[in-house]
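Residue numbers (this note's numbering), protein chains in the order written: chain A, 1 to 332; chain B, 1001 to 1342; chain C, 2001 to 2310.
In case anyone wonders, no lab produced these hints; they're calculated from the structure. By construction, the Cβ of each residue, glycine as well, lies at the ideal position given by its N, Cα and C atoms. Treat the hints with caution; some may be incorrect.
To be verified - Mimicking SDA-like on lysine to any residue, the simulated pairs with C-alpha atoms at most 20 Å apart in a straight line are: (1) LYS252(A) x VAL1296(B); (2) LYS252(A) x LYS1170(B); (3) LYS118(A) x ALA2034(C); (4) LYS118(A) x GLY2138(C); (5) LYS118(A) x LEU1052(B); (6) LYS1170(B) x ASN116(A); (7) LYS115(A) x LYS1170(B); (8) LYS1073(B) x SER241(A); (9) LYS115(A) x VAL2032(C); (10) LYS118(A) x ASN1055(B); (11) LYS118(A) x PRO1054(B); (12) LYS118(A) x ARG2301(C); (13) LYS118(A) x GLN1171(B); (14) LYS115(A) x GLY7(A); (15) LYS1073(B) x LYS252(A); (16) LYS115(A) x LEU1051(B); (17) LYS118(A) x ASP2302(C); (18) LYS252(A) x PRO1099(B); (19) LYS115(A) x VAL2030(C); (20) LYS252(A) x TYR1172(B); (21) LYS118(A) x LEU2031(C); (22) LYS115(A) x LEU1052(B); (23) LYS115(A) x ARG2301(C); (24) LYS115(A) x HIS1075(B); (25) LYS118(A) x VAL2032(C); (26) LYS1323(B) x PRO1310(B); (27) LYS1073(B) x THR233(A); (28) LYS118(A) x GLY1056(B); (29) LYS118(A) x GLN1009(B); (30) LYS1073(B) x GLU225(A); (31) LYS2139(C) x GLY7(A); (32) LYS115(A) x PRO1054(B); (33) LYS115(A) x LYS1323(B); (34) LYS252(A) x SER1050(B); (35) LYS115(A) x PRO1310(B).
Unchecked claim - Counterexamples of contact, computed for chain A against chain B with all Cβ distances above 12 Å: (36) ALA36; (37) ILE43; (38) LEU60; (39) VAL63; (40) ALA84.
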Amino acid sequence: MTFVLFGISLMVFYLARGFPSAFAPWTQYITRKMNAQQIQAIIEQHGFNKPLWEQYVYWLRDVLQGNWGYSNWANGLPTYEVFASRFPYTVELTIAATILIIVIGIPLGILSAIKNNKISDHIARLVALTGYSTPTYWFAYILQLVFFYYFYTLGLPYLPSSGAISPTLAGTVPAITGLPIIDGILAGNMNYTLDAVAHVILPAFTLSFTSLGYLARIVRASMLEVLQQDYITMARSKGLSERIVICRHALKNALGPAMTLTGLFAASLLGGAVVTEYVFSWPGVGDLSLQAVFQGDSNFLLLYTLVTALIIIIANLVVDIGYAFLDPRVKY
Amino acid sequence: MKNLSVNFQTYRGEVKALQNMDLEIFSHEVLALVGESGCGKSVTALTILSLLPPNGHVTEGEILLNGTDLLKKTHDEMRYVRSSEIATIFQDPMTYLNPVLTIATQLKESFLVRTDFPLSLNQTIEEFLATKRSSETAKVHRRKREDIAEQLSVDLLKLVRLSDPERVMKQYPFELSGGMRQRCMIAMALARRPSLLIADEITTALDVTIQAQVLSLLMSLRDTIDASTLLITHDLSIAAETADRIAVMYAGNIVEVASTKELFRNPLHPYTRLLMKCIPDVRKPKARLESIQGNVPDLIDPPNGCRFSPRCPKVMNECRAEKPTLKNYGKDHLVHCFLYKR
Amino acid sequence: MKNKSAFKSMEMRARTADARYALHQVRQNVLVLAGTLLVIFYLVISLTANYLVEPSLAYKFDFAQSYCWSNSVISWGKNIESCPVGTNLVLGTDGFGRDLLKMIILAIPVDISVAFIIVAASTIFGVVLGAVAGEVGGKVDEIILRITDIFLAFPGLLLALVFAAIFGRTMQNLIIAVLLVWWPVYVRLIRGQVLSEKEKNYVEALRALGTSRVRVLFNHIIPNTIYPVLVQSTLDVGGVILTFSALMFLGFSPNPALPELGNLAADGIGHVFTAPWLIVFPGLTILLITLAFNLIGDGLRDILDPRLRR
């Protein structure tokens, strides 16, 4: 596990600093106010005049002390702060998208399995596959076009197309968790909360639409396999209604693999929301990472990839434990 | 069962699994359905329950239970039948029990599936099983029904000779041994108080000592429950021990039906005779093991006429051309064979 | 020697039976048929694109006509005055004043061929690496596995972005960038398959006959485990097109006028509300192509899944 983290950091580090780029690598650690002497001191302090592999050691030392440098393209704040201030928004988006994926994807998969090879199955599969085949940015813009622009011009109530909260309401609620919806609820400010929800609908739906097909597919395959099992025949021979057979007997067995997948998905959504955040101007970390790439901010990218990898690893563990709850045969 | 035919659609063709089967079970009797693997015994059970897989179809015939044809019933009516008239015990208790639900859940639902339910716990389990239909069908509160079901379940587990039933209730199927699981399955079947109990090869997956225990359990329960039993097995010796009448089946046809004593005293059909010869005699340990030559026919393209004709030592020309019809040989001994033309 | 050929003919018969059964399933499955038709349609277009549309049109710019859409039915766009009325622009013009429909037709072969290259390369590379990892085991396996894990832990698009940003925006670099994202899946897939195949009896039999490990690996194990790889490849064609066009969309194309679906869509970013067709139609094309391949891949997965066979 730690090996993976190391490996990632090594790879990004090498990519970032091992090749000539438009930006001097030490711009990371200097603020605008420093003069030439201070800059030289920084260069030596962080080992920029040493060979590459030694630089890595210096970098490691810096990071362990909490110094990720400064992101001059983002108001010159320390990189760590820039990341931390935006991270909760990405978390909110991811949670909203995951909820949508589960709420839409699982029933879709179950429907497909129950009505196997009938029309509803084909339609459900088509919907799922279409979602899976849609370019994220395209879908995002279409949603914006329809729900924001056309609704607006047609005088219908419209959904906002950018940001996490309306500018007029921003900052009116103390930021305890950093997630606008939660903060709004905690502060008891319904106006704020509803506004935050309205803002998150379109991006979350975009993000979830492309993934729920995959979940539906796994649920379907799992359900189909379960429905062929002997204990389902047994349950039916008891005279139980089909609804009970499916809900009580089949689901518990079928949802195991689906759960595993959702956990991993949620974790990867955290990373992959780059395009969605970009299109919706969502103030999250993915959007920033795009700019970081263009600005050559390797520290930011390192932070981003390491955090994402860490979350995926944690998600794996959580999912394994959750699996033990569903299936009593698995022991820890 | 009258003139029942069942076909299966498969990729390679149509499998004529059951062909014009006639079978009758009388109340309170144990009828054994004996035949080798693949001859269609389990298909018979599934057809009675209307639980055939999607590619199976009944092409003709009827199944009468107390006068009404089961094949003509709607899905919901059939569900009612399964919940209170017919109960099945299946072959492999490991795969037929849901691995993620406790025994308690699976047993209680067998009780709760019926709407007529005793109001209180003022009956012993034997009395409960004996009364097929409860007269008190008032609306009982759901929580109370679950409690009653819980208590009845524990009693029922005691009845099927499981020690420490409270503990078993909380366990999952994989935590029990094979014999214990099979007893739970029996309990689940009994809980529905059926008029017909179908036992589909219930001992096949168990080792011999457990087999004996389970069979003796069934026999002892015969008096407690008020039902007929269709015992499906490939083992003639089990049939001999437990059944009142035996029906011999081959390749989707019934070939002979008689009371147990009569069948063993006077087996008529060539197949039955060969089967009896195959049972090794414990008194002659050094004798050669007999077998029936030839192979079970391919049911996609079965032989015309009598399906046993390719392997029959007494085959005649008419056997290959036409199907033999039922002949009553007296003393309620039925045979499908041209040898006995009366 | 006789054993080997008898063996092979047994295998062949088993495989043709499998293939016939699979075809039977395909005929029954509506969605797969639809997918196949779509794929054939797009392949035909890619092969004939240069005959349908004159390729040099891609570089004939006419900025006066940009961002408008006028034909007998619709009249739309900011340059609508300079846009010649009465022209039959089926899908409007793009930022360079080119006919969008023609550009889309030119772009389809670019996308599809790039996708094929990437999928083929990553499949071969991933399969070989995975097979070696599974077969050899031990330290080599560990190392390959760890490296694969590292690549897999990267959020996909980002890896390609970083690579492209650093190494420059030539076509080759972009292809390599996307390749880096896709190959690890195959390693995992094949490794698992090889590991379970190794335990099977026929492998032992072959070794007893004296076949070298390499031959066993390539002539027997890999063909037997090829089904999931086939499925994954088909599905990946769609995924690669999505990723590749997303890269272009975000601004990494080597040439802003390059006819490529993501690139064409990128034109419309600043003009979402005034010239929506620029994003809608190229995106729609991407969707349909990806959907076609996914339909086939998904159907294949169902058909080849041994557990669901009847």
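Item to complete: Kindly indicate which numbered hints from before are broken by the structure, ordering the numbers from low to high.
Response: 1, 4, 6, 7, 13, 14, 15, 30, 33, 34, 35
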